[in-house]
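Engineer: Input sequences plus hints: build the corresponding full structure.
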Amino acid sequence: MWIYEKKLQFPVNIRKPNPTFAKIVITQLGGPDGELGAANRYLSQRYVMPDNKVKGVLTDIGTEELAHAEMVATIVHQLTRSMTMEEIKKAGFDAYFVDHTAGIYPVSAGGIPFDATAFASKGDPITDLHEDMAAEQKARTTYDNILRLIDDPDVREPIKFLRQREVVHYQRFGESLGIVTDKLDSKNFYAFNPAFDN
Amino acid sequence: MSERSKMLRQVQCLDFALFDAALYLDTHPDDAKAMKYYNHYQKQAAKARSEFEGRHGTLTHHTHNSDGDMERWNWTDSPWPWEYNHEERR
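For the record, the sequence lines run as chains A and B.
The opening residue of the first sequence carries number 50 in this note's numbering; numbering runs sequentially from there.
The opening residue of the second sequence carries number 40 in this note's numbering; numbering runs sequentially from there.
Errors might be hidden in some of the hints.
[To be verified] With a cut-off of at most 27 angstroms between alpha-carbon atoms, the simulated BS3-like pairs for lysine-lysine come out as follows:
no., chain 1, residue 1, chain 2, residue 2
1, A, Lys-56, B, Lys-82
2, A, Lys-187, A, Lys-171
3, A, Lys-236, A, Lys-102
4, B, Lys-45, A, Lys-187
5, A, Lys-56, B, Lys-45
6, A, Lys-65, A, Lys-102
Read the hints as simulated data drawn from the structure, not as lab findings.
Bear in mind that the values here come from a model prediction, so they are computed numbers and not experimental data.
Structural biologist: The following block contains the structure:
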């Protein structure tokens with residue numbers, strides 16, 4: 050089960066609303082490498098992991114990603130508060146606005162609704178941990194691109210925090226992969242699915 | 040920054056130190072130095088949380104401050120984390 054903490058993992062307080070920035074940042078909620086997909090990917094993959102330590106890593110990182118989804122949603126929410134109709138149209142926010150007003154709905158920067166294929170739960174520990182390491186790097190690249198596009202420090206500070214967490218998670222997943230492969234035949238890690246074939 | 044914001048920031052910092060150490064300990068459970076670090080911040084985090092909750096309301100339903108004698112439900116009194124707060128600037 051989970052318990053809600055009435056605080057963000059890292060503070061978000063954006064003085065200047067900007068719907069153009071909101072359209073970019075929302076991809077880290079509902080896009081292919083966003084936090085919603087990350088949380089559910091790790092929490093879904095836990096069940097067939099062979100090692101207790103790796104179950105712990107997936108549980109704890111999956112839980113942290115839920116807090117990151119909340120941070121990204123908060124950034125989008127604060128960037129879209131008290132918008133005028135003119136600002137909405139000028140920023141190109143009208144396509145989102147017509148379906149969701151200023152509510153939070155997970156889409157990519159291109160407007161594609163969240164797709165559960167991002168969960169990428171294959172039921173093979175080695176496959177899944179490689180997926181997770183790639184996923185952390187893809188999210189890090191996305192945050193780097195967001196930082197190239199956005200100059201407001203109020204938005205950049207929490208984005209820089211989120212980017213740094215991807216780096217830490219990549220490290221922990223790398224260690225997890227080592228923990229799993231240490232228990233297998235070192236001559237051939239990849240010939241079978243350790244969660245199913247033995 | 041308001042007194043509430045300062046106290047909350049303290050809880051956020053200490054909880055983050057703890058959480059990041061916990062992730063490391065997941066893959067290094069026998070690292071005595073990391074365990075010592077965790078225990079050190081665990082005490083500080085518990086103290087900061089208790090001080091915050093005593094003054095500004097609970098951060099979870101599982102507060103340890105009320106001792107089973109809460110007079111009025113205060114969970115919905117304090118601001119929600121996603122709300123812009125002009126007082127919380129650095």
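Engineer: For every hint, state whether the structure bears it out.
Structural biologist: Hints, one by one, checked against the model:
Taking the CA atoms of A/Lys-56 and B/Lys-82, the gap is near 19 angstroms; set against the 27 angstroms cutoff, the hint holds. Taken as a hint, the A/Lys-187 and A/Lys-171 pair is honoured in the structure, with Cα atoms around 18 angstroms apart against an allowance of 27 angstroms. Taking the CA atoms of A/Lys-236 and A/Lys-102, the gap is near 23 angstroms; set against the 27 angstroms cutoff, the hint holds. For the proposed pair B/Lys-45 and A/Lys-187, the alpha carbon gap of about 34 angstroms is over 27 angstroms, so the pair is violated.
The hinted pair formed by A/Lys-56 and B/Lys-45 meets the criterion: a straight-line CA distance of about 13 angstroms does not exceed 27 angstroms. For the hint linking A/Lys-65 to A/Lys-102, the alpha-carbon distance of about 43 angstroms lies beyond 27 angstroms, and the restraint is violated.
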